[in-house]
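Below are the chains, spelled out letter by letter.
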Amino acid sequence: MRKRLTLIPGIVLIAVMFLIPVGIVFQQGLFDPVFSLDHFERFATRGAYMRIFWNTLQVSAVVALVCLLIGYPIAYFIVRQPPSRRPFLMFLVLVPMWMSILARTYAWMVVLGKEGIINQSLLAVGLIDAPIKMLFTTGAVYVGMVQIMLPILIVTCFSSMTEIDQSLLRAARIMGASPRKAFREVFLPLSAEGAITGTLIVFILSIGFFIVPALIGGRKDVLMANVISNQVSQTNWGFAAALAIVLLVATLAILTVVRTASAKLVHHNEEAH
Amino acid sequence: MRERNPLLLAFYVLVVLFLFFPILIVVPISFSNGRFLSFPPEEFGLRWYKAYFSDPVWMSATFRSLRVALGASLLATFVGTLSVVGLGRRRSKTSGILTGIFVAPAIVPNIIVALGVFIFAIRMGVSDNELTLICAHAAIGLPFVVLMVGTAYRQIDPTLEKAARIMGAGPIQAFLTATLPPLTPAILSAGIFAFFVSFDELIISLFLMSSAETLPMRIWNDLRFEINPTIAAVSVFFVLVTTVAMTGAEFLRRRAEAKQND
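Respectively, the protein sequence lines represent chains A and B. Residue numbers for the first sequence follow the working numbering, beginning at 170 and rising by one. Residue numbers for the second sequence follow the working numbering, beginning at 232 and rising by one.
To be clear, the hints were calculated from the coordinates, so they are not data collected in a lab. Do not rely on the hints blindly, as some may be mistaken.
What the hints assert, rightly or not - DEER-style ranges, computed between Cβ atoms:
| no. | chain 1 | residue 1 | chain 2 | residue 2 | range |
| --- | --- | --- | --- | --- | --- |
| 1 | A | Glu362 | B | Phe309 | 48 to 56 Å |
| 2 | A | Glu284 | B | Leu407 | 58 to 66 Å |
| 3 | B | Val247 | A | Ala430 | 46 to 54 Å |
| 4 | B | Pro402 | A | Arg349 | 26 to 34 Å |
| 5 | B | Phe482 | A | Leu174 | 31 to 39 Å |
| 6 | A | Leu424 | B | Gly401 | 39 to 47 Å |
| 7 | B | Gly399 | A | Ile177 | 24 to 32 Å |
| 8 | B | Arg322 | A | Ala430 | 19 to 27 Å |
Each residue gets a CB set at the ideal place from its N, CA and C atoms; glycine is no exception.
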C-alpha cells in the first residue's frame, strides 16, 4: 500500500503543469469574468476562423492518409524480412527523427525556395524558364509534415505487424490461397488495428502543428496553432483559449468516434472469421 | 519467409531517401565556406561552425537549452520512475485512469499546454523563469518515461524484490538492489528521450520566456528573418550529438538484455 505514495510527485507535476493549466484555458475561454460564450460566437460567426479550423482538420486528415498509404507498405516490407535484418531497416526509418523539426523545415526552405535547389537545377537544365512557386504553398506544408510524421506511422504499424504469426500466411498459401488473397484475408485484418491506431496518432499530432505551416506554408495555410499563437501575442487570451478549447474538444471527439468505430470493425471481423 | 518483391524494395529505398533528404541537404550547407547560402557549396570549410561557437548569443541560447533539457529530463525520469512503481504491475481501474492522465500531455497539442502554463505562470508571478520552463518540459516528457519505464518494469520478475524483502531488506533497499539495476537501461533511454523532447520544444518556451532565448527560440527568430547557414551548422552538430546519445542508449539496452538472458 505504501507503494502508492510514490505516485504523489507524478500527480503533483501533472496537476500543476498540465491539469490546472488546461483547466485555466477552459476558465479563460468560458468566463469573462462571468460565464459567456462570446468568444465561441466570434469563432463560429467569423468565416475566417471557421475556415482555418476546417483547414486544420483537412490538412491533418490528408497528412494522416498519405502517411498510411506510404507507411503501411513500408512496415509490411520490413516485417517480411528476416528478423535479423529488421532492426537495421527500422533504424534507417527512425534516424531522420533525431533532427530538430526546425532544422528539417529549414532544409525544405532551402530546397523549395525561388532560388532553391530544385528551381536552380530545373533552370540550369532548361526544363523551366521561370522559377516555380513551391515554398509558401499548401504542397510544401504537406511535404514537410509527411516527412515528420511518416516514421511514427511506420513504427506503429510495424510493432502491430510483428505480433502477427508469419506462419499464418504460409498456412493460407499452402491451403491454396493466392498471395494476394492470403494478404487480404489473413494479414490485412490482423494488421488493421495497428494501422488505424497509427493513422489516428498522426492525425492528432498534426492537429497541433505550428512550425511547418508558419515557415513554409502560404498565408492560406495557417493552422489553428498559428492563430492561437497570434492571438496570444495580441494578448487576446480569452479568444486564444476559446480556439484552444475548440481544438481540444474536436481532437477528443474524433479520437472517441474513430476508436469506437475501429473497435466495432475489428470485433465484426473477428466474428466473421 | 522473405518478401522479395523488387518494387517494394525500390519503394523502401525511395522513402528512406525522402526521410533523409533534409539531412542530406543540411550537412553540405553546414560545411560551406561562402558568405551566402548556395547549394552545392562552392567552397568547403568550418566557417559557420566557427560563427556558431564564437557567437555569445548562440552560445548562451545553447547552454540555456542544455540546462533546461537536463533539468527537465532528470525531473521527468525521477518522477516518472516513481510513478511507474506506484502504478504497480497489476492493471486495475485506478491505475488505468492514472496512466491515462500521465500520458495525456503527449496527446494534447503543446500549444494548449503552452497557453495554459503561460496564463497560470503569469498569475503565479513565475513566468519568464527557467525553473517554470523545466517543470513544464518535465510534464510533457513524463508520458514517454511512464510508457518506456513502465514496459520494462512489468517485464521484471517481482519475486526478486520479494526475495530481497524476505532476506531482511527494507522496501527502499529491496527496490534499489533488486528492481532498479535491470530497470536502469530503460530509465536511461527514457531520460535521453525526455531530454530531446525538451531540447527540441519551441512553443511553450516561446510563450513562457520573454527575456531569455532557448536554442529553438534562437533558430526560430533567426529563420523568420533570413536563411542563414549558422542554423545548418547548429543542426548538424546536434544531429551528431543525438546520434551518439541514441546509439549509446541502444548499446546499453542491448548489453543489459544480453546480461539478463545469460
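Hint check:
1. A:Glu362 - B:Phe309: 48 to 56 Å: Given about 34 Å between the Cβ atoms, the range is violated.
2. A:Glu284 - B:Leu407: 58 to 66 Å: holds (60 Å)
3. B:Val247 - A:Ala430: 46 to 54 Å: violated (33 Å)
4. B:Pro402 - A:Arg349: 26 to 34 Å: Since Pro402 of chain B and Arg349 of chain A have Cβ atoms about 58 Å apart, the given range 26 to 34 Å is violated.
5. B:Phe482 - A:Leu174: 31 to 39 Å: holds (35 Å)
6. A:Leu424 - B:Gly401: 39 to 47 Å: holds (43 Å)
7. B:Gly399 - A:Ile177: 24 to 32 Å: Since the Cβ atoms of Gly399 of chain B and Ile177 of chain A sit about 27 Å apart, the hinted range of 24 to 32 Å holds.
8. B:Arg322 - A:Ala430: 19 to 27 Å: holds (25 Å)
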